[in-house]
Structures are given as C-alpha cells and as structure tokens.
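Line by line, the protein sequences are chains A and B.
Using UniProt numbering, the first residue of the first sequence is number 1, and each one after it goes up by one.
Using UniProt numbering, the first residue of the second sequence is number 1, and each one after it goes up by one.
It is possible that some hints are incorrect.
Covered stretches of chain A (in silico footprint by chain B; criterion: 3 or more residues with CB under 8 Å from a CB of chain B, positions within the stretch not fixed) [unchecked claim]:
| # | stretch |
| --- | --- |
| 1 | 105-113 |
| 2 | 255-263 |
| 3 | 368-376 |
| 4 | 429-442 |
Distance condition first, Cα-Cα at most 20 Å in a straight line; then the derived EDC-like pairs of lysine to aspartate or glutamate [as the list claims (entries may be wrong)]:
| # | chain 1 | residue 1 | chain 2 | residue 2 |
| --- | --- | --- | --- | --- |
| 5 | B | LYS344 | A | GLU346 |
| 6 | A | LYS344 | B | GLU437 |
| 7 | A | LYS180 | A | GLU226 |
| 8 | A | LYS52 | A | ASP64 |
| 9 | B | LYS344 | B | GLU354 |
| 10 | A | LYS344 | B | ASP152 |
| 11 | B | LYS180 | B | GLU203 |
| 12 | A | LYS430 | B | ASP308 |
| 13 | A | LYS52 | A | ASP152 |
| 14 | B | LYS344 | A | GLU437 |
| 15 | B | LYS344 | A | GLU431 |
| 16 | A | LYS430 | B | GLU346 |
| 17 | B | LYS52 | B | ASP152 |
| 18 | B | LYS344 | A | ASP440 |
| 19 | A | LYS478 | A | ASP34 |
| 20 | A | LYS344 | B | GLU346 |
| 21 | B | LYS430 | A | ASP34 |
| 22 | B | LYS180 | B | ASP152 |
| 23 | A | LYS344 | B | GLU431 |
| 24 | A | LYS430 | A | GLU466 |
| 25 | B | LYS430 | A | GLU346 |
| 26 | B | LYS180 | B | GLU223 |
| 27 | B | LYS430 | A | ASP308 |
| 28 | A | LYS430 | B | GLU347 |
| 29 | A | LYS430 | A | ASP308 |
| 30 | A | LYS430 | A | GLU448 |
It should be emphasised that the hints constitute simulated quantities derived from the structure, not laboratory data.
Ideal Cβ placement from N, Cα and C applies to all residues, glycine included.
Protein chains: 2
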Amino acid sequence: MTTGPIEGSSKRYEPVPGAEHLRYPVRRIHLSNDEHFDVYDTSGPYTDTEAKIDVTSGLAPLRDDWDRPAPVAGAATQLAWAREGITTDEMAYVAAREGFDPEFVRAEVAAGRAVIPANHRHPESEPMIIGRAFAVKINANIGNSAVSSSIDEEVEKMVWAARWGADTLMDLSTGRHIHKTREWILRNSPIPVGTVPIYQALEKVNGDPAKLTWEIFRDTVIEQAEQGVDYMTVHAGVLLRYVPLTARRVTGIVSRGGSIMAAWCLAHHQESFLYTRFEELCEIFRRYDITFSLGDGLRPGSIADANDDAQFAELRTLGELTAVAKSHGVQVMIEGPGHVPMHKIEENVRLEEELCEGAPFYTLGPLATDIAPAYDHITSAIGAAMIARAGTAMLCYVTPKEHLGLPNRDDVKVGVITYKIAAHAADLAKEHPRAQERDDALSRARFEFRWNDQFALSLDPDTAREYHDETLPAEPAKTAHFCSMCGPKFCSMRISADVREYAARNGLDSVEAIEAGMAEKSAEFAATGNKVYLPVRAV
Amino acid sequence: MTTGPIEGSSKRYEPVPGAEHLRYPVRRIHLSNDEHFDVYDTSGPYTDTEAKIDVTSGLAPLRDDWDRPAPVAGAATQLAWAREGITTDEMAYVAAREGFDPEFVRAEVAAGRAVIPANHRHPESEPMIIGRAFAVKINANIGNSAVSSSIDEEVEKMVWAARWGADTLMDLSTGRHIHKTREWILRNSPIPVGTVPIYQALEKVNGDPAKLTWEIFRDTVIEQAEQGVDYMTVHAGVLLRYVPLTARRVTGIVSRGGSIMAAWCLAHHQESFLYTRFEELCEIFRRYDITFSLGDGLRPGSIADANDDAQFAELRTLGELTAVAKSHGVQVMIEGPGHVPMHKIEENVRLEEELCEGAPFYTLGPLATDIAPAYDHITSAIGAAMIARAGTAMLCYVTPKEHLGLPNRDDVKVGVITYKIAAHAADLAKEHPRAQERDDALSRARFEFRWNDQFALSLDPDTAREYHDETLPAEPAKTAHFCSMCGPKFCSMRISADVREYAARNGLDSVEAIEAGMAEKSAEFAATGNKVYLPVRAV
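Next up, chain A with everything else stripped away, as it sits in the complex (with noise of 0.2 Å):
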C-alpha cells in the first residue's frame, strides 16, 4: 500500500467555517521562499504521516458522528434535505473544500444541477460535489476481469488513483470475487465509489442476459447499497425501439451494460425491468442516499457514430428520467460518450443540459480521434477539456490501455494525471475562482530559477523531477539560473528577468515612460547587464 506526503508537500486537516466540529484534507506544498501553496486534496489518510493504515480494518468511519436530518417524505438525501432548505455537515464539508459558502453549494444541490454521491453505508469516504459551477471532478475505473488481477492490486490502485487526484472511483470487476473486492475497496475507500449492478447481477445468472429479472436485479442492488456503494450506473434509457437504431452503426453498442439491456430488451419483446420498474429502484436508492449514474448504454463507439439517432434517442428517455429520481428525492448525475469529434462536442453539453434540468454530465472522455489506440488517454484528454469547458461536471479517466488491454498501477496514473490536466485547462478556461492560481505559482517558480519548487507544484512532482535529472541530475542544478535547454550562459528566462529589473529600475514600464526615458538609460543598461552575465549570453 502506497502511503507517505507527496514530494514538497505535507497533509493538513483544516476546520470547516461554520461547522467546526467538522475537517477538511488539504495539501500543503512547501516553497523555498518560506511560502506555501495549498491545494484540494483527495488522497485520503494514506498521505498522512500521523494516520495508522491497516487495510484489514479499513479506514475510520468519518461520517458516522456527522449530524444526518430526518428523511423528508422518506428520503433520507442531500437533494430531499437541500430543497428542505437543510445545510448538512457534507454541504458544509464541500463548501469549505472548494471555496464556495455553503448556501451556494445547498442551492446548487437543491436544484439538481449538483450532486454529493455519499451512501450513508460509506461513512469512511470524504465528500466531494460534482457539478458545473464547481471544479471539473475525475473518476477512474478500476475493476478484475475474467482474465487478470487480485483484490489487493485493485485496492492499491484504489489508493493510488486517489494519490494522484481522482475524486471518484468506480468498480467495473466482472470476474469472481466482485463481492469481496468490493467490500475490501468500501472500507479503504476515502472517495465516493461508483459501481455497474447490472455486471454483477449477470453474474448470477451465468452471464445470460435474457435469465435477468428485476427480483435479480433489485437484490443485487441492496447487497450493493448495503456494503455502500455511493453511485450506480443504470442503464435504464435503452428502450426495445432504439437498440435497431444501432444496426447500420460502424461500432454498434460498445457499452457493457447497454448491450446487456439491448440482449434483454430483443430476447422479450419488452422494455426493460430497468425501465418498468425505474420508480421502485428509486425508493432504495433514496434509503441509502445512492445517486443516479443514468447509463448511455447507447453511446457511441467510434467518431462516425458520434451523435446519432440511438445516442439522442436515449438521451432524451435519460432526461424523463431524471425528473421521476428527482421526484422520489434521489441525486442525479448523467453518462455522456465516448467518441466524439471535436465539431460536435459542444452539442452534447446543450442537449444533456436541455433535456436533463441541468444534472451533472459525466463523460468518459471523449476521444476526438479513433486512429491512436496505446494513447487514447491523450485522444480523449482533448474531448475531454473541451466537454469540460462546455459544462461537463465529472470525467472518467481514460488510460494508454483502452481498447487494448486492462491498466496496470502506471496506466491508472498515467490516465489520473492527464485527467487532471483536462479538468484544470477546463477550470481556467470556466474561469474556476481559484483555477489560475496554481498556474501562476508554478511560472512564477520556472521564471525565478525555483526548480524545487517547480516540481512541488506540479501534478506529478516525481516524474518531473525525474525528467530534469536526465539532464542536469547535479543537486546545484536544481538552483542554477538557467536549463539545459539553452545551456548555463544561453537564456531567455535570464535575459528577461534583466529587462526587468532594468525597466523597473527606470520605471519605463510603459510605452510612454520608455519613448521619454530610454535615451539616456540605454548606456546603463549595457553596463548593468553585463553585469549580471560576462558575457550575457541570452538566446
């Protein structure tokens, strides 16, 4: 198990304004200059130096002391106590996370458009909102199959996607043990955890999709809910007269649980228990305060069938849906594609936004090519920051491995970092409050020579590090005004901390006070740069 503070920074428990009783995880980076810059933090107790870690007994139940409302109407959810105009302890939680004042955060649940996916049976996980007015979440997938890993890879790669910035996980197991491995996750998960149902409910009919019921179904659900799981992903919008709208498509249904339904749906002749039976997977949800994952089962696969007549069909049964849960008092988020061009992205965020009341969108990617399988973590980072950008709340992360093989522990960080990377371009972008702020810190850092610091305050200090020690591996180098890209007397960086201090000195930092006070500064400048380089060697 992978524990300790990432390089440059310490972990930090900060109180939450107004419910004090209450502490938020933050990460603390140390900069040379005795300053510090604090960052969102989602690696859990693992990077805590104090915390004991014993995955055996899992990780102490944060939530059990919380105060937790009466249900309203039967619902016992943040959407049931926000519209009560109830601020809970998790609202207060994610306020002070994110910077936002609680009310803000109550009204963005109440109205749907915001979501905090914390199952009362997962007291252990520390809350997080997804929506569009907050900053651009993460999930990772993790999961065994029928051909590779164990229980205790995957609740590594748990911690370690949670190291490295991931918001939320989800559990996509399909082999044997899904129970267990579910179970060892839960209670050393400090991210909400999301799952497919309906993966494991095949299991227990042999893997024949035409032997599922909703009596199958339902239990596997309670079992699920019971053990805590925060979000489900149900495919309930695949209707029987949508999965034709499929056949003349270059990938069909590349959906596991969309093509699942689809078997169903044909094999009976009948809308699915998924469908039929939507209202009474409502109230169970409302128990344990589960959210919605509505499922695209029918997404599309590939760039050419990006935005047909299947994936919108769906859509808009997604979106009736979405009112019914709402009705019962259950948290909504929507699943978007998959595989999308550029051009036709923006229109994805308008209909979900549109035909949805505004309920978070999570997308997996986009990937805005098909032509780059071993690096669709990069074709889709591009889909990715743009969705994001449109509006998308949550991005599930794509790894090097997609289409080709199962992550290991590297692709999980691979995908977490560069999501990360999507997520942040699409926060500036969002104009996000506190976005820029880091940007600033790290070219701060790069223009001052702080190369320490520089690596501190990035996403993955290790490798960056490990990059500029290729080069330049001498511990001197590490504070030395200039890089190996110009060499020690060639650089710009230099020359134009000079420009600088010598326009500062001369207060000619504008066009009018040059054009009146160069003339006669242009001497002392030559004598004074050459001062601070014989000779100034600037390129």
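Position chain B relative to chain A; hints supplied.
Relative to chain A, chain B alone:
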C-alpha cells in the same frame, strides 16, 4: 539509422496526375481482408526497402530535374509563380499528396494563404504545403545545445521524427558544430528544414546580443540559405517600445530569439536591424525561395501572460512585415503561442488572420495550463487541437521534456505521435474530405476484431501491439472475438454484432420496422442469439 517499413505497411510511389514524370510517396497499409488503406507519407526513402541509404552521401536530389520557371521580377518563388498563374511541379506534387486540384493549390499559394517551403538548394526534400485549407501539419524541433547530444543523434532524430509523421523539422542547434550538424541534416532530410539564424549569428559574437550587427546576421542567413534551409524564423517584430510591455509579466520574455533582440534594442536604443533591414532580407530570401517564419519573440510563456499587450503589439507588426515580404514575392508564415488558456485560443487565430492577410499560422502548442511539467505534450495537445481547429495550419510539437530537459529519441516519437493526434482531431473537426476515412477503417477493424488491422491502421502500430500483448500475448488472441477488457465470454462488441446480424436479417433497422416486425421475431432471436454464443455472455 532507422530504416524499413512501418509494421503492416509498404512504401509506394504514385504518379502525379498531370505531371506523370513526378511520383509522390504513399504508405500502403495492408489489411487482413485483402483490402488496403493508403496514408500520407512523410518518412522519405528510409521506409523504402528498395532504397539504398548512405548518410555520408545523402539522399538523391529529387527536385534537381524538376521544371523551374524563370524568376518573376527577381523572385524565383512559389508565391511569385503562383501569382503569375504558373502551376509548378511542386504545386502539382503537393496537390496529388493531399488530394486537391493543382489549380486550387496555386490559388491558395498566390493568395498567401498557403506556403510551400522549398529552398532551391534543398532538392532532397519532398514538397509539402502548409495552409488552413489543407491537412494540418506538424513540426518537430531538434538540435543539440551546449549541454548535450551529437551530430549522429540529431540526424537519427530527424529520420525518426519523419518516420512517425513530422511534416517539417527545425534544427535549433546552439552548441558547437552548428554548420556541420545542419549540413548533415539537410542532405539527409526528405522534409523541409527550418532554422533560427540569430542563434548562429550570436555564436559569432561570442554570445553578446549587443555585439550583433546586420552584416553578421546577413552573412549567417546567406550561409544557411546556400545550405538549403527551407524556412527561417526571424524575430523582426520585436520593437524597442514593446520590450517594456513585458516587464510586468509573470514570465517575461521566453523566446530565445525574442530575448536576444530585446537585449539588442535596449542596449542600442534603436529598432533592430531585423526590422530596419527587413527589405534587404526579403531580397535574399526570394533568390532561394526561403519562407519567412515571422517569430513571435514576445509570445506568452505562461497562462497569466496570454493575449497581452506585448504579444498582440508584436502581432500587428508581423502583419505589416507580412505585406512587405509578399510585395517582394517572398512566402510567409506567422509563429504563434505558447501558453494560452482554452477560452483565449480562438482570438489568437482571429487576430492573426485579420492582421496577417490569412498567412499560415504556425503555433507552439499552445499549452492549456502551466501545472504539468513532464506532461506538456498533453497540456499542449489540448491547445494545439483547438487552435488547429480554429485555422492554424501547422503545429510545432512539444515533447514530455519541455521545460525540463532535452528530448531523447523516445521523447521525439511521443511528441510526434501526440501532435499527429492533435492535427488529425482538427482535420476531423474541419471536416477535411479525407480525414474520417482512417477513423472509420480502424473502427471497423476494431468492431470486427481484426486486431492486426487495428494495430496497422493506428498511428503507432508497435506500441498498440505491445500493449495488447501485455495482457493477451498469444497470436490467436489477435484474431479472437474478444479482448482483455471483458474476457472470452463477456463482450459488448460481440453482442452488438449479434444485434446487427439479427436486425439486418429481419429488416429491423428503423423504429417503424421494429415496432411492426419485432413481436414474432423476438423468439427467433433468443434462438439464433444463443447459437452465436452458448451461453451468450455479453457485458
């Protein structure tokens, strides 16, 4: 030296329509279903099994026997000839490569909306075109510095970059042996080569910008022109009065050329010789048909500095210089940022096209965030795809080592593949006539489990196969109707293939058809469905 075809493909030369004495290169990808797919090929003779490669003697001078029209008013350039209504061999060649009409190519070049960088003294190069109406191109930077790397390494990096898809190459060497390194690269390069002559000029004055003169710069340009450099970056837009505008920036001046000229302007309190002698420079360029790459010496080096006064003041000056260069018959492209958040990207293209008469825009990324050193190929691919979609004609790649060190061979490949992704994603979004064909071919192969075809059609067949081998090494797995994500019996692709067969067989490919015909067919499906897989296990 890396030679031999890329996996699953072979080199071909096709006759140029209307100019059958010319043949252009194509990479033919061979598919398992006896079909093939031809792609644009930048790799030169190195992937031709017939070709004899001898680095010491260089490539054959392909263009030596091509028709070269007489100069027009002193200008022996593609621009001057295009304006005269002459369709050159180079224009016919690039038209064939891209699948456009030669007359369309001529018109775009005549209008200055596209350039064909082809110095008469670089006959080894295979002509290519850069312009917003054509496929988006990518440039790879190489070059040793005071700190590291050898001539052999640089030549191999060039061959390697071209192999994976680099359309042009910039030699940014700053260390010793600049002249010799460039000679080796040019004589062996099938793609246009660009330089930044001020780097070598600075060597000649022992690195002191203040000692630079027009004469030293001019002689350096002529030396490089004689060697065959196809395009040169000239930072003629850095004016004295713009320099102080960078004083309050977070990262000042990050362009090496920009900082040299800024230092010169401040030291002499004059406009630079690049600006005052610009027309004399045009006279030299037009004799060789060297293309200007007007450098953005004041480009932003951080998110905070994007789209500021210094950047756009210089861009206006580049617009004036564009008009001057074109009046001398010299081809021009304009360099762009740098670091720009997503919401400020489009303004860069809009202004460049407005101020520079639609001259091809050539940008470095831009990086969409500053916080991910070691992943700046990804942060910049997001910005690159977006700025290319908006109209940028060529993208300068960024490698994972950006800001940290010098790229090695692996970094060069990752940078090139990442930028092929960004460029292709933009071609799709611009609905370039041929772009989606490759996505569709690969997606069909994926859907039909033609694994080897999927690898061969991908941008990096070697890595795609390697990743698949990690989980399913055996050769049979390359034809198996499943993948490691779902395992042998769990497969959404498989079940949707069943759906397709079923729907097609029964004409159930529309909402109407299925609502009419489903009832009696559903039973049949269960049967046929089960014939396909017993039990049907689809997830």
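Against the structure, the hints:
no., hint, in the structure
1, 105-113, "violated (count 0)"
2, 255-263, "holds (count 8)"
3, 368-376, "holds (count 8)"
4, 429-442, "holds (count 8)"
5, B:LYS344 x A:GLU346, "holds (17 Å)"
6, A:LYS344 x B:GLU437, "holds (17 Å)"
7, A:LYS180 x A:GLU226, "holds (13 Å)"
8, A:LYS52 x A:ASP64, "holds (19 Å)"
9, B:LYS344 x B:GLU354, "holds (16 Å)"
10, A:LYS344 x B:ASP152, "violated (45 Å)"
11, B:LYS180 x B:GLU203, "holds (14 Å)"
12, A:LYS430 x B:ASP308, "holds (19 Å)"
13, A:LYS52 x A:ASP152, "holds (18 Å)"
14, B:LYS344 x A:GLU437, "holds (17 Å)"
15, B:LYS344 x A:GLU431, "holds (11 Å)"
16, A:LYS430 x B:GLU346, "holds (15 Å)"
17, B:LYS52 x B:ASP152, "holds (18 Å)"
18, B:LYS344 x A:ASP440, "holds (16 Å)"
19, A:LYS478 x A:ASP34, "holds (17 Å)"
20, A:LYS344 x B:GLU346, "holds (17 Å)"
21, B:LYS430 x A:ASP34, "violated (49 Å)"
22, B:LYS180 x B:ASP152, "holds (11 Å)"
23, A:LYS344 x B:GLU431, "holds (11 Å)"
24, A:LYS430 x A:GLU466, "violated (32 Å)"
25, B:LYS430 x A:GLU346, "holds (15 Å)"
26, B:LYS180 x B:GLU223, "holds (12 Å)"
27, B:LYS430 x A:ASP308, "holds (19 Å)"
28, A:LYS430 x B:GLU347, "holds (16 Å)"
29, A:LYS430 x A:ASP308, "violated (28 Å)"
30, A:LYS430 x A:GLU448, "violated (28 Å)"
The structure shown violates the earlier hints numbered 1, 10, 21, 24, 29 and 30.
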